[in-house]
Structure formats: C-alpha cells, structure tokens
Amino acid sequence: DAGVTQSPTHLIKTRGQHVTLRCSPISGHKSVSWYQQVLGQGPQFIFQYYEKEERGRGNFPDRFSARQFPNYSSELNVNALLLGDSALYLCASSAQGGIGGYTFGSGTRLTVV
Amino acid sequence: GQQLNQSPQSMFIQEGEDVSMNCTSSSIFNTWLWYKQDPGEGPVLLIALYKAGELTSNGRLTAQFGITRKDSFLNISASIPSDVGIYFCARARDNYGQNFVFGPGTRLSVLP
Numbered sequence: 003d004a005g006v007t008q009s010p011t012h013l014i015k016t017r018g019q020h021v022t023l024r025c026s027p028i029s030g031h032k033s034v035s036w037y038q039q040v041l042g043q044g045p046q047f048i049f050q051y052y053e054k055e056e057r058g059r060g061n062f063p064d065r066f067s068a069r070q071f072p073n074y075s076s077e078l079n080v081n082a083l084l085l086g087d088s089a090l091y092l093c094a095s096s097a098q099g100g101i102g103g104y105t106f107g108s109g110t111r112l113t114v115v
Numbered sequence: 217g218q219q220l221n222q223s224p225q226s227m228f229i230q231e232g233e234d235v236s237m238n239c240t241s242s243s244i245f246n247t248w249l250w251y252k253q254d255p256g257e258g259p260v261l262l263i264a265l266y267k268a269g270e271l272t273s274n275g276r277l278t279a280q281f282g283i284t285r286k287d288s289f290l291n292i293s294a295s296i297p298s299d300v301g302i303y304f305c306a307r308a309r310d311n312y313g314q315n316f317v318f319g320p321g322t323r324l325s326v327l328p
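Taken in sequence, the protein lines are chains A and B. If you number the first sequence the way my numbering does, the last residue is 115 and the count never jumps. If you number the second sequence the way my numbering does, the last residue is 328 and the count never jumps.
Bear in mind the hints are in silico, worked out from the structure with no lab data behind them. Check the hints yourself; a few may be wrong.
Derived DEER-like restraints, expressed as beta-carbon distance ranges [to be verified]:
(1) B/G256 - A/L84: 23 to 29 Å
(2) A/A97 - B/E270: 45 to 51 Å
(3) A/E53 - B/G269: 29 to 35 Å
(4) B/N274 - A/R59: 27 to 33 Å
(5) A/S29 - B/P255: 23 to 29 Å
(6) B/T284 - A/N81: 38 to 44 Å
(7) B/S223 - A/L41: 45 to 51 Å
(8) B/E270 - A/A4: 28 to 34 Å
(9) A/N81 - B/G269: 42 to 48 Å
(10) B/A294 - A/P10: 37 to 43 Å
All of these numbers come straight from a predicted model, not from anything done at the bench. For glycine and all other residues, C-beta sits at the position ideal for the given N, C-alpha and C.
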C-alpha cells in the first residue's frame, strides 16, 4: 500500500507569489493534517481536516488555507509568500481523526527567495 | 503555554550504549507520542501513550507516560547506527487528541 504522498517534493517561489501543495492520504484514511517544519524545529500544526470539514486550525495567518476533497486528498494554499514561509511542509493522515497519531509523508520543501 | 521541552538537545553515544531522553510540559494532557525523523523524511511514529504511568515497549524502545501527566521519557537500548536521527515528543493540543504539539527534538548521533 502506498503511504502518504506529497507533491511536489521541492519548490522554489518568489516573495509575494502563491503556492499550492498537494497530499494524498493512505487509502482509507479520512483525516488529513498539515504541519510546517522550519529547519531545526519540530513540526508546527497548521490545519486538520476530517471528512472534508476543518476540525482544527493552528496559529497561522489567513494567508494559509486548505481544503479536503471527496477522495480525502488535500491541498494547502499559501498566498503572498514571505521569506519566513520557507520550510518543510508535512502532510499526515490518520484513520481515527488523529487519535493515536499520524502517518506522515516525506514533505514538500518550499524555498521562498 | 503549550510548549514542550526536550532534553538533551543533542547527544553523541557509542554503538551498543543505552540512551535516555525526556520531554516535559507545563500542562496536563492525555496523549503522548514519540516520533523519529530521518534526514529528508517525515517523522515516523514510534510509540503512543494514553494513560498516566503507562509503560510501552517497541523492540529496543521503551517509553513511559509520567504519573503527573506532564512528562514522558524514551529509552533506547543497545543503540545501533540506524538509531541516528531526531527524536520528537508530541502531545495532544486538546483533550480530543486530534492535533499535536511537537517538542524541539533531540538529535541522536551514534558513533561506531
């Protein structure tokens, strides 16, 4: 079975641009969460979706948005990119809405220049 | 606040040695998780703990949920080179256990 898959794996964007990151959860998993991991730090929670509804939101500005599709895949959108948005963006899926932990993808490395 | 503290920040050990690292929080929560992250990869779940005092093993790894519900430790016995990586503790952001706050990590290096 495929694990959590994220695309693209690497991305370089210019300040002010917009970016869309994509995630496909493990088959059968209905919960998807997004985390931002800045170099040298632990992952920081951005959003959680369960059954296509937002179930949680971390302390991130409105420039960050996400959605979950009927097939449970998800997109994370970031508008008006800042240099500080450079990070590894991790997607994680769970069968139980997060209880018991998540399975993470390998992430998308975003560099804003 | 909701921050977690992990110690040590980094450690260098000889292959075959035992390792102990811990994680503390100023708040009480119901779920503790331990993850390991290899370079270029996402974190991988090692152990999940749900009850104060719970002691759980996964091969050479053992983790305990402190009785005060504010701390947890992870032990690795007889370390091997593939144990190298960053170990993160995480606890639930709320009592529903659906989203998690991660600690800053302990970076482990194993010397042959």
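Of all the hints given earlier, name the ones this structure violates by number, lowest first. 2, 7
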